[in-house]
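Dock chains X, U and R against the given chain V, drawing on the hints supplied.
There are 4 protein chains.
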Amino acid sequence: MNMHLKTLVDVFHATRLQSVLNCESLELDDYGLQAEPFVSPPKWHLAHTSWFFETFILKPFMEDYNVFHPAYEMLFNSYYNAVGNQFPRPQRGLLSRPILSEVMAYRDHVDSAMADLLGQDNHQERLSIIQRCRLGIEHEKQHQELLYTDIKFSLFRNPLYPAFLTENVNHHEGSMDPVAEKVQWQSFTGGLVEIGKSLAPREIDTNDLGSDVFGFDGFLFDCETPNHQVYLSPFALSKRLVNNREFQAFIDDGGYQKPEFWLSDGWAVVQKEQWQQPLYWLDLDGVGMEYTLYGLQKRQPHQPVCHVSGYEADAFASWAKARLPTEQEWEYAVTQQGHRPIEPSKIFHPQFCSDSEDEAVEKGLLHLYDRCWQWTASAFRPYPGYNPAKGALGEYNGKFMSGQWVLRGGSCVTSADHLRPSYRNFFYPQDRWQFSGIRLAK
Amino acid sequence: MNMHLKTLVDVFHATRLQSVLNCESLELDDYGLQAEPFVSPPKWHLAHTSWFFETFILKPFMEDYNVFHPAYEMLFNSYYNAVGNQFPRPQRGLLSRPILSEVMAYRDHVDSAMADLLGQDNHQERLSIIQRCRLGIEHEKQHQELLYTDIKFSLFRNPLYPAFLTENVNHHEGSMDPVAEKVQWQSFTGGLVEIGKSLAPREIDTNDLGSDVFGFDGFLFDCETPNHQVYLSPFALSKRLVNNREFQAFIDDGGYQKPEFWLSDGWAVVQKEQWQQPLYWLDLDGVGMEYTLYGLQKRQPHQPVCHVSGYEADAFASWAKARLPTEQEWEYAVTQQGHRPIEPSKIFHPQFCSDSEDEAVEKGLLHLYDRCWQWTASAFRPYPGYNPAKGALGEYNGKFMSGQWVLRGGSCVTSADHLRPSYRNFFYPQDRWQFSGIRLAK
Amino acid sequence: MNMHLKTLVDVFHATRLQSVLNCESLELDDYGLQAEPFVSPPKWHLAHTSWFFETFILKPFMEDYNVFHPAYEMLFNSYYNAVGNQFPRPQRGLLSRPILSEVMAYRDHVDSAMADLLGQDNHQERLSIIQRCRLGIEHEKQHQELLYTDIKFSLFRNPLYPAFLTENVNHHEGSMDPVAEKVQWQSFTGGLVEIGKSLAPREIDTNDLGSDVFGFDGFLFDCETPNHQVYLSPFALSKRLVNNREFQAFIDDGGYQKPEFWLSDGWAVVQKEQWQQPLYWLDLDGVGMEYTLYGLQKRQPHQPVCHVSGYEADAFASWAKARLPTEQEWEYAVTQQGHRPIEPSKIFHPQFCSDSEDEAVEKGLLHLYDRCWQWTASAFRPYPGYNPAKGALGEYNGKFMSGQWVLRGGSCVTSADHLRPSYRNFFYPQDRWQFSGIRLAK
Amino acid sequence: MNMHLKTLVDVFHATRLQSVLNCESLELDDYGLQAEPFVSPPKWHLAHTSWFFETFILKPFMEDYNVFHPAYEMLFNSYYNAVGNQFPRPQRGLLSRPILSEVMAYRDHVDSAMADLLGQDNHQERLSIIQRCRLGIEHEKQHQELLYTDIKFSLFRNPLYPAFLTENVNHHEGSMDPVAEKVQWQSFTGGLVEIGKSLAPREIDTNDLGSDVFGFDGFLFDCETPNHQVYLSPFALSKRLVNNREFQAFIDDGGYQKPEFWLSDGWAVVQKEQWQQPLYWLDLDGVGMEYTLYGLQKRQPHQPVCHVSGYEADAFASWAKARLPTEQEWEYAVTQQGHRPIEPSKIFHPQFCSDSEDEAVEKGLLHLYDRCWQWTASAFRPYPGYNPAKGALGEYNGKFMSGQWVLRGGSCVTSADHLRPSYRNFFYPQDRWQFSGIRLAK
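Going down the list, the sequences are from chains V, X, U and R.
For the first sequence, the residue numbers in this note's numbering are 48 to 489.
For the second sequence, the residue numbers in this note's numbering are 48 to 489.
For the third sequence, the residue numbers in this note's numbering are 48 to 489.
For the fourth sequence, the residue numbers in this note's numbering are 48 to 489.
Please note: incorrect hints may appear among the correct ones.
No copy is singled out in the list; a pair is fine if it fits within one copy or between any two copies.
Said to hold, decoys possible - Mimicking SDA-like on lysine to any residue, the simulated pairs with C-alpha atoms at most 25 Å apart in a straight line are:
1) K489 <-> Y443
2) K437 <-> S365
3) K489 <-> R428
4) K244 <-> P431
5) K489 <-> A367
6) K319 <-> E442
7) K244 <-> A488
8) K319 <-> Q384
9) K345 <-> T213
10) K489 <-> Y278
Since the hints were made in silico from the structure, they are not lab data.
The shape of chain V in the complex, shown without the other chains:
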């Protein structure tokens, strides 16, 4: 997000526009593509993010709001049971209608109404509107990331291995600079520390929707709250992420054939899915290739290994005689180091871990937000005192607090301003289609 944006309306429009811009590289034929139930077609993402504003803001708060199409309430509801039934997720790719131009008209209709509503300075629900609008913006940024991960997954099923992007492809391949061969460790003393954040119940000046309310501490998902104390024993984190060369060594050592490295559930998945390597790795005529958003590329040994499941991350750590960090260790360490997310690279593949060893020593923890999400050893569970929102919006995070693992950090397809040390991403440990990698702990 551009920090020069002054008002909530500006940010709203910029975010909405960004979703459309991210689709520019798509062919018309791609908009309905859904290779598996857990990914969604681009057209559906475009519609659902509009549905979010319509459902949670326009319908409850805008007088005389004209619903665009009554069937959309069901068609584009993702998982909010309190709103009503949902069109079955595995069939989203079957929604050839509404056609793309109708979905675009839906977006325009919602945007126009939102601009109107946000301009009503004296609306008696002004604060709720603003808060939900900020949630809707964060929500749309999450779907912008999902658009990349989902289309990558769906295009990969095509034996033509189409390239989604063509810009930056050369830069993406990178150079073979000197790299930090050995893993460096950063130590932390731990103790009784504070984890999570709480929003102070301050009085928001609803007439001054300036940039401050979107600052680093300006928004929190409910699952990041409340702040609370935990006790941490001393620990250390690897400064950089595990790279392809190291993961290849795990493979070469029979990592995928040796149950002793694996959690029992993970080993069952390895057997059932016959995993032999990370999701997008391919060997063509003896050459190690990797499917990227730029099409098939030669696999680079010093890029961070990406698109591994939590089970693979855990097994690698076990093989490496280390372990995954807990989410508390990760958050505490990052907070200690004072790192902040950096500007995005606009290169949509995790780049070389190219820092020299000296740099690594100097900088501390590297690649926190801009390469791959980092699997943690922590189940996604509520913080002590967690209190989800009332009604349908309470379903945003709370009901998923079972069976999933927390990932921390961010990836090369995440909006940089979307991230913060307390952000808790979560996926099932068998999921591989996110840009997820490995940082070790011990």
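Using the frame of chain V, we list chains X, U and R on its own:
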């Protein structure tokens, strides 16, 4: 097929054009739609029919033929193992690439090469080229029908119930003319009769590709051959097809709840799929509706019941104290009556069985080719002495001679010139997405 | 059946006793064994055959019959919907209760009541009782065969490969006598022939239940009726069955890897189940073994190949440039030759095809009833004019006339007196656990 | 366990005998029963517990040990990949061989060898033998509990609803004493507390295998270690367990129909499995019944609700505006109160929560170990510094630390001496066949 067409090249081009014209009503978003593995997306039909000419004619017979794209051999192979691997059928809807314009370019490329090859009067494989071209034309007509049945099925999954066609919709709804209420029966004596056809091995004048070689007797699929004798006991066929009103009576009598009417395998499907009525029947607010290519329409009692499985046809016949005809009875009866297929109505839904009883008495068997395919009691098995073609084209029919039932006649979405008394259509008895109805026997 | 038995009561008791005797080799631990839904545990067979007499004779015809246990009506109903609900077939192995001694008491209870009822000479439903008793006897003989096929299948899942039988094991292995290496063919002219049988509606003397009513022509299942005419072209049948050596040649020629020999549905099963050889073939340390009712035995090249599916039989025939016979060809040929089933060998594995070529020339068709059932090319469909019984007993055969193939003849585990030229056995073409083999036609 | 037992050998034999005694009520027909893959047949439990001693003690440590049967290593291996392949878990019920008497002979063989080995005072691996023997004893006690839970589940599939036990059935039904209607809460202040235990590396006197080494602190599974600090906010626990009456109120309020109470994964299971009530609840003719080890019994409102999944426990807590305790809260609270497991009641169904309110006030937390296991909100994950054993025994707990939830306490089918405050039981949140109930926290 227009009988004024004078040459094979004309027929070829007319057929190829027709496939594209049939897609005119589609939205761009519809071309990749595949709701279940047994239907194919329109784009795939357009590509596969081109693949057929390329694979079986251009590649083997055209010198210096320039293959359009090497990957298409696998991508658009339907089921010909002798040609090589096939892209998995359930994933055809995931082929967003090649995009539609590329598929259209593929069609043009093939058409142009075919025109060139068909113009080579002295080609030493001239006879094979002509014979395979005629097969390819028939093949494409089959896919033209599948395009209608498949898109109907896929659009039906959309809760918006989109209309594929908008023309003729009023006429389609028809008028409430007097109808033949009672089933009339036509009796046949049977005896030792001849079934099937054999192509006489005559010398085709390859320089005279006039209309005669495409006449009624001009083409046979191998499964229609050879002609052979069978013994038939006396039997009778219903003159018209079973209509919606009659099928509703079966439902109202608990037909879907009473196992005594059903074949064991059929009853298992009824339980598993929880069938309660034909495929496209819906009850909305107490009104009986039917999904058609014109969108949701009110169900008409005197239209032929359509989109029933063979199991439902058999159960209905059992309930009606009748049975389904054998394919030999059907073919013999039709041949006896001398019926020929009529010009198509251009209305893509089975019309009223609106003949008065007097007409029915006069005309004999009605609605043979232009309403619904008619399920028979016959398993699709080879005729005595059946001899499939050598090589990949031998896979066209022969390998499917297990587990499927024969349907005879034709439907409102079949090309009229495509049909003949000896034509054997075949589907699994649980299939319902074809325009399949019921003619009774006793 | 021992032809010296004079009365129906004698035959009834002898049949009932035989079922128990067939279980003598079982361990107590085996009685509940059910490895797949399509096989039943021995205890269930023992109970269900009793249920048949109780349900169809004792309950409707015996005044004051004392039902053994009310829950058994549901527990031991196989598939008769008209009787009521059935305990789910896949869970029959979970019925540890009633325990074996209770099932045996159930048998005794039914036997005693049946003897009582059969002794009531003046019962006004005497004819129905006799007819249903004869059906019940035939039914129990079918289950006696199933007991062998089912326990063989279930024990095979045990890596200990237990032997069910220990007697005759040496004889079973046979000697290496001279064998007919080449297939001999017997030719038939065909023409308009009669197939099937019809029971003459003669007056049965219900006071003289002597052996004549159980003679060769004394009992027919409804699916064998009525007799009717069919036209057969000239054909030939192989005199003996295909043997293991010949089937191995098919395998060695890549038979299981070449789709061109297979029906499409069959090829799909080969891929899904990864079939590489007949059901009970094993290779242990390079030695070809076969699991038999006598445990693991060395595979014998001149024994008939057994436990092949219909798909494998069809593929073998295709590879051998022959085909499977139709059921009409088989029945006509056997009737022409005047063969009758012979005394059983008491060796429960198909023996050598050990006749010399000279013998084969002399004897005509060999091994019709005493080695393996012979797959035919015919779908199991009703004969023209077929009319099943009313009520639940009408479910015995009629509702299965879909999707299954006819087998003719008999096997080494079939009661010899159970068989006749018109007998139609039927299983799905993917089934392999019956003693099913291959006779070729051309 | 009888505390008068003086030596490890005594305890070993008493434990081994107890497993056999627990089977006394079984019919022979029950020993192979396995209704679902996640339960095991009684015969398999008897064999596997012997396999444990043979595999981990006799084979590595006893010179000249005579292996009972070479195939048992694979047949009775549960999940130890480091030992080798395992017979597929879902097929354990198909092992009719070895028969029961052979398994009993296997037990005797192992017991005799173990007695011999334990008597070798000067064995150089004496300490390992003793430690592993203690582990084997604990392991066998776990399987004694599983025998109850598994046979209850398998017998429940039988529509006869057989009673496993007949003793104590009257007492089981209990009396309608005054009960504590309202939930009482016990508050705890929390703070920085110690959780888990560590075994002091003391010198065990291997010549004095007296009762002290089996005392309360004498044995720990690795997952209970090491002890470590956690910070707990103030909390309160319900003194007694949720009872049937209260759970019925949840049902009556539409608990199973309202997604807002459920975790997303839980709701998916509710829909898929169509859960309407706890596992063994039945309504027969309008009477609320419950299947117990004593057969079908009338449901008692003041007995603890039992056989609920973790999802149901969580949903109930959500409905009750409470939550589940964390495992740390549970352990800390119990330790604070100084409760110890009590003598078992020998009644194998959770008894009334019959204490009056006054008693409840006085006693603090009730029913910790002797009614139902108590679901916690904690994922089963390793404690900080967790270090599993090397080799196959390291698979005992560690590899299951994913996807499962911790239960604390014990149940009416658990050996009382088997339990302790630090014991961590774990099952998947969808599992219901354990004696699992609900204690609330807030």
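Here's how the hints hold up against the structure:
no., hint, result
1, K489 <-> Y443, "between (33 Å within a copy, 23 Å between copies)"
2, K437 <-> S365, "between (41 Å within a copy, 13 Å between copies)"
3, K489 <-> R428, "both (23 Å within a copy, 16 Å between copies)"
4, K244 <-> P431, "both (12 Å within a copy, 24 Å between copies)"
5, K489 <-> A367, "within (10 Å within a copy, 41 Å between copies)"
6, K319 <-> E442, "between (32 Å within a copy, 20 Å between copies)"
7, K244 <-> A488, "both (24 Å within a copy, 23 Å between copies)"
8, K319 <-> Q384, "neither (41 Å within a copy, 47 Å between copies)"
9, K345 <-> T213, "within (16 Å within a copy, 51 Å between copies)"
10, K489 <-> Y278, "both (16 Å within a copy, 21 Å between copies)"
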